[in-house]
Amino acid sequence: MIIASNVSKKFGRLKALDNVSVTCNKGECIALIGPNASGKTTFIKTILGMVVQDSGFITFNGNNILHHWQYREQIGYMPQTGRYPDNMTIGHVMDMMKDIRGDTVSLDEDLVIAFDLKSLMKKRMRTLSGGTRQKVSASLAFLFNPFVLILDEPTAGLDPVASEILKGKIITEKEKGKLILITSHVLSELDDLVTQIIYMQEGKICFHKSIEELRTDTGEERLNKAIAHFMSNQQK
Amino acid sequence: MTDILRNRIILLYTVVLFIASFSMFSLEDNTSKGLLSLLNIILIIVPLVSIIFSTIYTYNSSEFIELLVSQPLKRKTIWLSSFSGLAASLSLAFFIGAGIPIMVYQWNSIGFMMIAMGILLSIIFVAIAMLAVVKTRDKAKGIGVAILLWLYFSLLFDGLVLFLLFQFADYPLEKPMIGATAFNPVDLGRIMILLQMDVSAMMGYTGAIFKDFFGTYTGVIFSFGVMLLWVLVPLWFSTRKFNRKDL
Chain R
1 MIIASNVSKK
11 FGRLKALDNV
21 SVTCNKGECI
31 ALIGPNASGK
41 TTFIKTILGM
51 VVQDSGFITF
61 NGNNILHHWQ
71 YREQIGYMPQ
81 TGRYPDNMTI
91 GHVMDMMKDI
101 RGDTVSLDED
111 LVIAFDLKSL
121 MKKRMRTLSG
131 GTRQKVSASL
141 AFLFNPFVLI
151 LDEPTAGLDP
161 VASEILKGKI
171 ITEKEKGKLI
181 LITSHVLSEL
191 DDLVTQIIYM
201 QEGKICFHKS
211 IEELRTDTGE
221 ERLNKAIAHF
231 MSNQQK
Chain S
1 MTDILRNRII
11 LLYTVVLFIA
21 SFSMFSLEDN
31 TSKGLLSLLN
41 IILIIVPLVS
51 IIFSTIYTYN
61 SSEFIELLVS
71 QPLKRKTIWL
81 SSFSGLAASL
91 SLAFFIGAGI
101 PIMVYQWNSI
111 GFMMIAMGIL
121 LSIIFVAIAM
131 LAVVKTRDKA
141 KGIGVAILLW
151 LYFSLLFDGL
161 VLFLLFQFAD
171 YPLEKPMIGA
181 TAFNPVDLGR
191 IMILLQMDVS
201 AMMGYTGAIF
211 KDFFGTYTGV
221 IFSFGVMLLW
231 VLVPLWFSTR
241 KFNRKDL
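For the protein sequence lines, the chains are R and S, in the order given. Counting along the first sequence from 1, when you hit position 95 you're at 95 in our numbering, and nothing is skipped either side. Counting along the second sequence from 1, when you hit position 35 you're at 35 in our numbering, and nothing is skipped either side.
One chain only, chain R, in its complex shape:
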């Protein structure tokens, strides 16, 4: 569904993305991992068209995304830190998003209900805690039943109960055949979620493997051990 070929992006002298080529297909749940400043978020932002790449191109369902914006209807995005206008209530933000999408038929309010946001609808965004904001962002990403879900550090700032709910939701969506892209630092969390791993470092993709491949290659069962194995091998 999403194909990136030779995407490069520079911020001044820093190479944020260096010849990144990735193919993502339906029904996959891909974890994008790597150290800080390895270009994960930049890559996600180029897919969303928030950052315009210097060279290379990205296609979504066979269409180049440059100068097109309609394709974003099919993406649900949960940012790392969601910030909303201070004086709007949760209800207002939700209504506004529904207004933008214009599609109120196939709403997926599972997370809204699971996070018990209905009772908070009248609260102003300014008064919300970081965790509640994350819940709002997550609910918004899933609300419109998109084909592609892009989650940037989804569980950061969520309490264990909420992150379990979110994980459960991600698994059910994966089973529906949607494409899910997750970035995270908490590797143990991804174990039972993901089917493929993309490991990035300094703007380059070090490997893109399915989780079984990785397990057989490294001989480790747990994901964080497998990655640690890979990283220590690389340093040698």
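In short, the hints are calculated from the structure, not lab data. The hints are all genuine.
In silico lysine-lysine, DSS-like type, Cα no more than 30 Å apart, as pairs:
no., chain 1, residue 1, chain 2, residue 2
1, R, Lys15, S, Lys76
2, S, Lys241, R, Lys98
3, S, Lys74, R, Lys10
4, R, Lys26, R, Lys98
5, R, Lys15, S, Lys139
6, S, Lys245, R, Lys10
7, R, Lys10, S, Lys76
8, S, Lys135, R, Lys15
9, R, Lys204, S, Lys241
10, S, Lys245, R, Lys204
11, S, Lys74, R, Lys15
12, S, Lys74, R, Lys174
Listing some non-contacts, in silico: residues in chain S with all C-beta distances to chain R over 10 Å:
no., residue
13, Ile52
14, Leu151
15, Leu232
16, Thr239
Here are the in silico distance ranges between beta carbons for each label pair:
no., chain 1, residue 1, chain 2, residue 2, range
17, R, Lys26, S, Ala182, 57 to 63 Å
18, R, Arg124, S, Ala116, 32 to 38 Å
19, S, Arg137, R, Trp69, 19 to 25 Å
Predicted model only: the values in this text are computed from it and were never measured. Ideal Cβ placement from N, Cα and C applies to all residues, glycine included.
For this one, chain R is given, so just place chain S on it according to the hints.
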């Protein structure tokens, strides 16, 4: 955007304008004198509040704009609607705060011109502020630029023009002066209002030239046109820049 209307600063701005304009009118026994004092306040305060508020507001909503960009929306739509939200709410604040007292005390062409100029100035400085925001990534720097721009338009520009006038006092400068005013919307607004008040005699020979030009029908059209340009040009540049910006 209900968010802006609920903002405390906007409410405060409205109330301050309201009190200032009412007290100006009631302090002076002659309403046109009150209008003159009010004019100076409006020409200083309106651009200042518009430019600073819009700058800070746009910076603070940058993350939200980011979120909107990830939604199926054209970038142009996002930018223009955030501009129109700001422009509309600041104009409304001006209209309620200063417009109503003016209409109560001065229900004539002077009052009307003053309200029109106040609203136009609000919109112009929102457009300028948004250009400043999109050009500078750093918040502190952006606010600094906004303040400098305001200083330039309100004080420095006049100083510069005066300096040039004295330097070239031996030459006939009336025509270039008209051209020069087009480069400063604040001056343009001031002249338009003063001419309506018929105090242009105070401005001497140059005043007569101004009256000759700006007092005519074409002059009024010209200055409204220039002020519209002051809205459209920064807006066009900022939209273009925003379209290509990395968020």
